[in-house]
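A.B. asks: Using the sequences and the hints, build the whole thing.
Protein chains: 2
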Amino acid sequence: MIIEHNGGRGFEVSVNTVYVGRKPILNYVLACMTLFKSGANEVLIKARGRAISRAVDVVEVMRNRFMPDIKVEDIKIGTEEMVSEDTNTPTNISTIEIKITK
Amino acid sequence: MIIEHNGGRGFEVSVNTVYVGRKPILNYVLACMTLFKSGANEVLIKARGRAISRAVDVVEVMRNRFMPDIKVEDIKIGTEEMVSEDTNTPTNISTIEIKITK
Numbered sequence: 001m002i003i004e005h006n007g008g009r010g011f012e013v014s015v016n017t018v019y020v021g022r023k024p025i026l027n028y029v030l031a032c033m034t035l036f037k038s039g040a041n042e043v044l045i046k047a048r049g050r051a052i053s054r055a056v057d058v059v060e061v062m063r064n065r066f067m068p069d070i071k072v073e074d075i076k077i078g079t080e081e082m083v084s085e086d087t088n089t090p091t092n093i094s095t096i097e098i099k100i101t102k
Numbered sequence: 001m002i003i004e005h006n007g008g009r010g011f012e013v014s015v016n017t018v019y020v021g022r023k024p025i026l027n028y029v030l031a032c033m034t035l036f037k038s039g040a041n042e043v044l045i046k047a048r049g050r051a052i053s054r055a056v057d058v059v060e061v062m063r064n065r066f067m068p069d070i071k072v073e074d075i076k077i078g079t080e081e082m083v084s085e086d087t088n089t090p091t092n093i094s095t096i097e098i099k100i101t102k
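From first to last, the protein sequence lines stand for chains F and W.
61 is the number that the numbering used here gives to position 61 of the first sequence; each next residue is one higher, with no gaps.
58 is the number that the numbering used here gives to position 58 of the second sequence; each next residue is one higher, with no gaps.
This list has only true hints and no planted wrong ones.
Identical chains blur together in the list; that is why a pair holds if it fits in one copy or across any two.
Derived DSS-like pairs (lysine-lysine); straight-line CA-CA distance at most 25 Å:
(1) LYS71 - LYS99
(2) LYS37 - LYS23
(3) LYS23 - LYS71
(4) LYS99 - LYS23
(5) LYS102 - LYS71
(6) LYS99 - LYS76
(7) LYS76 - LYS46
(8) LYS71 - LYS46
(9) LYS37 - LYS99
(10) LYS23 - LYS76
(11) LYS102 - LYS76
(12) LYS102 - LYS37
Hint data in this document are derived by calculation from the structure and do not stem from the laboratory.
All figures in this text were calculated on a predicted structure; none of them were measured in a lab.
C.D. replies: The following block contains the structure:
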């Protein structure tokens, strides 16, 4: 699990990002909650490919069980090109970004 | 096996809705394109659980390969409660609704 802190560089708004992968959902829920508890007002949840469903689960579990006050501010979907190391061929993979605020 | 639908908007009958399940992505892409070609200006793509990733794929493949003009108008995520026939226990499942327009 990668928690990326975009530390305060001048006037740039700090965005806290949680990348969702293959770990249990609650790991990511905890990561998001930790960011909120440590003062973040906004958390960005990102995922690619099959982890997209899990990213939605993270938001829904957090909203339904732990932090009913959070709001889904914005959801973006997109495509990224990845290059496989084995075959060296580019593959398109879908992405999602869910911005939640408290 | 999940059979009973309990609340939520999942089974709402709508002419321009495509439910994404376990079939190949191109099946759903074709379904959406058929709706657009037959006069719809708006298509709603819905999915639950693991099919959520596939629903995003459907939109991205359609946008990148077949209909570059479509726009993602709105994305909503939510939770539905489903009752398993075997255990009779309610389970929460995440949902997504992606509204696309041309």
